[in-house]
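Using the sequences provided together with the hints, build the complete structure.
The lines below spell out each chain.
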Amino acid sequence: MLAKRIIPCLDVKDGRVVKGINFVELRDAGDPVEQATVYDAQGADEICFLDISASPEGKATILDIVRHTADCVFVPLTVGGGVRTVDDCRKLLEAGADKVAINTAATRRPELISEAAKRFGSQAIVVAVDAKKTPDGRYEIYSHGGRTPEGLDGLEWCKQMADMGAGELLLTSMDRDGTRQGYELELTRLIVDAVPIPVIASGGVGVLDHMTEGLTTGGADAVLAASIFHYGEHTIGEAKAHLRAAGVPIREPWNAS
Amino acid sequence: MATVVIDSGSGNLRSVHRALEAAGCVPECTADPDVVRRADRIVVPGQGAFGDCVHNLENHGMREAIIEAANSGTPYLGICLGLQILFASSEESEGQGLGLLDGDVQRFAPDVGKVPHMGWNSVTWENSESRDPILEGIPQETYFYFTHSYHVEPTDSNVIALRCHYGHDFVAAIRSENLFACQFHPEKSQGAGIALLANFLKA
Numbered sequence: 001m002l003a004k005r006i007i008p009c010l011d012v013k014d015g016r017v018v019k020g021i022n023f024v025e026l027r028d029a030g031d032p033v034e035q036a037t038v039y040d041a042q043g044a045d046e047i048c049f050l051d052i053s054a055s056p057e058g059k060a061t062i063l064d065i066v067r068h069t070a071d072c073v074f075v076p077l078t079v080g081g082g083v084r085t086v087d088d089c090r091k092l093l094e095a096g097a098d099k100v101a102i103n104t105a106a107t108r109r110p111e112l113i114s115e116a117a118k119r120f121g122s123q124a125i126v127v128a129v130d131a132k133k134t135p136d137g138r139y140e141i142y143s144h145g146g147r148t149p150e151g152l153d154g155l156e157w158c159k160q161m162a163d164m165g166a167g168e169l170l171l172t173s174m175d176r177d178g179t180r181q182g183y184e185l186e187l188t189r190l191i192v193d194a195v196p197i198p199v200i201a202s203g204g205v206g207v208l209d210h211m212t213e214g215l216t217t218g219g220a221d222a223v224l225a226a227s228i229f230h231y232g233e234h235t236i237g238e239a240k241a242h243l244r245a246a247g248v249p250i251r252e253p254w255n256a257s
Numbered sequence: 001m002a003t004v005v006i007d008s009g010s011g012n013l014r015s016v017h018r019a020l021e022a023a024g025c026v027p028e029c030t031a032d033p034d035v036v037r038r039a040d041r042i043v044v045p046g047q048g049a050f051g052d053c054v055h056n057l058e059n060h061g062m063r064e065a066i067i068e069a070a071n072s073g074t075p076y077l078g079i080c081l082g083l084q085i086l087f088a089s090s091e092e093s094e095g096q097g098l099g100l101l102d103g104d105v106q107r108f109a110p111d112v113g114k115v116p117h118m119g120w121n122s123v124t125w126e127n128s129e130s131r132d133p134i135l136e137g138i139p140q141e142t143y144f145y146f147t148h149s150y151h152v153e154p155t156d157s158n159v160i161a162l163r164c165h166y167g168h169d170f171v172a173a174i175r176s177e178n179l180f181a182c183q184f185h186p187e188k189s190q191g192a193g194i195a196l197l198a199n200f201l202k203a
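Heads up: the sequence lines are chains D and Z, in that order. Numbering-wise (my numbering), the first sequence opens with residue 1 and increments by one. Numbering-wise (my numbering), the second sequence opens with residue 1 and increments by one.
Some hints could be false.
To be verified - Take a look, some chain D residues computed to stay more than 10 Å from chain Z by CB distance:
1) Gly-58
2) Gly-96
3) Leu-155
4) Ser-227
5) Thr-235
As the list claims (entries may be wrong) - What follows is a list of derived Cβ distance ranges for each label pair:
6) D:Pro-110 / Z:Asp-111: 26 to 34 Å
7) Z:Thr-155 / D:Gln-181: 53 to 61 Å
8) D:Thr-148 / Z:Arg-38: 49 to 57 Å
As the list claims (entries may be wrong) - With the Cβ distance kept under 10 Å, some of the chain Z side facing chain D (calculated, not the full set):
9) Gly-113
10) Pro-133
11) Thr-142
12) Phe-146
13) Thr-147
14) His-148
15) Lys-188
16) Ile-194
Simulated from the structure, these hints should not be mistaken for lab results. Virtual Cβ for every residue (Gly too), placed ideally from N, Cα, C.
Below is the structure:
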C-alpha cells in the first residue's frame, strides 16, 4: 500500500537553515546538509529545501548544498526557491535534486511547467502553490514568497498546473503558515479532490495531530513540516509512530538484518 | 570488476553513482559503447520520457552495445526507465526500446488514484522457495521509493520478480536470467535500496 509521506522542509538562506514565521521573521537553525542527514537517519520519506534567498549568490550556494546532501542522503530531495528557467531546473537536477519546485516563475509564464515536464518528466516538476483565503471564500494565489497577490483563483490555478504537466503540488496555506494552528484542511481537500496528481499539504503544523488531519480529513498524499522538527519538539520517528497509531499508512523503517 | 552506469543523457546519474558507492563499488558512468561491451555489470538508470531515452541511446550507438552485453550474460540492473526500455515500445512516446522482453509499457489508468504513482510503496515477492539472490535479506512488504506514470506488463508472467499494489497489482520488478530491473528507485530507497544494490554487486 502506498504510504503517506512525511517531508521535513528546510528553508535555506545563504547556506543556512531558517524558518519564516508568516514569511517575515527568520530564525537560524543550523547547517542544511547536517540537518538533512539527521532527518534521513530519523526516517524522513523525502527532504525538501526551499531556498528563500533566491539571489544569484544564494542560488550558487544551494547547488553546493544539494550536491553535498545528495552525496550522503538516499531519499528523494526536492528543491525550490528562485527556479526561473528550464536551465535552473537542469542545474538543480544535475546537482542531485530529484524534483524541483517552481512557484513565482510559473505565475509569470505557465508554459515553463510544460517545458520543464517535457524535458525532465512530470515526476521531477513540483509546482509550489501559495494560497490565501479571500473574503468571499475563494483562494488567491500569491508569488514571491507570499508577498505578491497574483489575482489567480487557487482552484483553477492548481488544475491548470496539473494539466500543464506538474507531477505534484506543494500546497501552502498563507493563512496558516507559521501559525501552528494546523493545515488549512478545507483548502487541502478542495485541491486534492480537484487534481489528478499528488498534493503535499504545507503550512501551519503545530502538533502531530495536525499531520493526521492533513492526511485524512485533508486527504493529502504527503505532509510538509518545518519547525515542529527543527527545534527538536518531535522526531520524524515520533511523527510516524503517531500517524501509524491513527491508522495512517506509513513506511516502516528499514532494519538491516 | 567494472560496474558501469549507462549515461543515456536523460537525467542525473549522481544519485545512482553515489548509492552504488555506498553499496560497495566504484562505478564508471559512460556513454561509450566499448566500455559497455567490456563491463562486468551494467546499471541502466533512466528518468524522463521513454522516447528521449531510447533516442539518446541510438545517437550514442549504445543501443547495440547494451543489447550485446545483455545477450552475452552481463548482469543488467535496470532502474525505472531502465526497466521500461527492456520492452520494444511504450504507450508514453514513440521510439524503439531494446526489445529484450515481450510485453507492453502502459500508463496507469486514472482510476488507480493519483498519477504519477509517487512515494514509498511495499513490494511482495512471488516465490519464497526460489528467492532471487538480489532480494537476499529484503523481507516481504519492504518499502521502496516509486515515481512513475507508466508500468510494464510482460507477456510472460514468469519474469515477474516483485509486485506492488496501487489501485491494482502491477509489476514492480522483473527477472529474466541475467536481467533484473525494477520500477522503483533503489538509489532513493534508503537502506533497502542500498541492500538491493549490494546484492546486485555480488552477481
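Here is how each hint holds up against the structure:
no., hint, in the structure
1, Gly-58, "holds (21 Å)"
2, Gly-96, "violated (5 Å)"
3, Leu-155, "holds (17 Å)"
4, Ser-227, "holds (24 Å)"
5, Thr-235, "holds (16 Å)"
6, D:Pro-110 / Z:Asp-111: 26 to 34 Å, "holds (28 Å)"
7, Z:Thr-155 / D:Gln-181: 53 to 61 Å, "holds (54 Å)"
8, D:Thr-148 / Z:Arg-38: 49 to 57 Å, "holds (56 Å)"
9, Gly-113, "holds (7 Å)"
10, Pro-133, "violated (16 Å)"
11, Thr-142, "holds (7 Å)"
12, Phe-146, "holds (8 Å)"
13, Thr-147, "holds (4 Å)"
14, His-148, "holds (7 Å)"
15, Lys-188, "holds (5 Å)"
16, Ile-194, "holds (6 Å)"
The structure is inconsistent with the numbered hints 2 and 10, although it conforms to all the rest.
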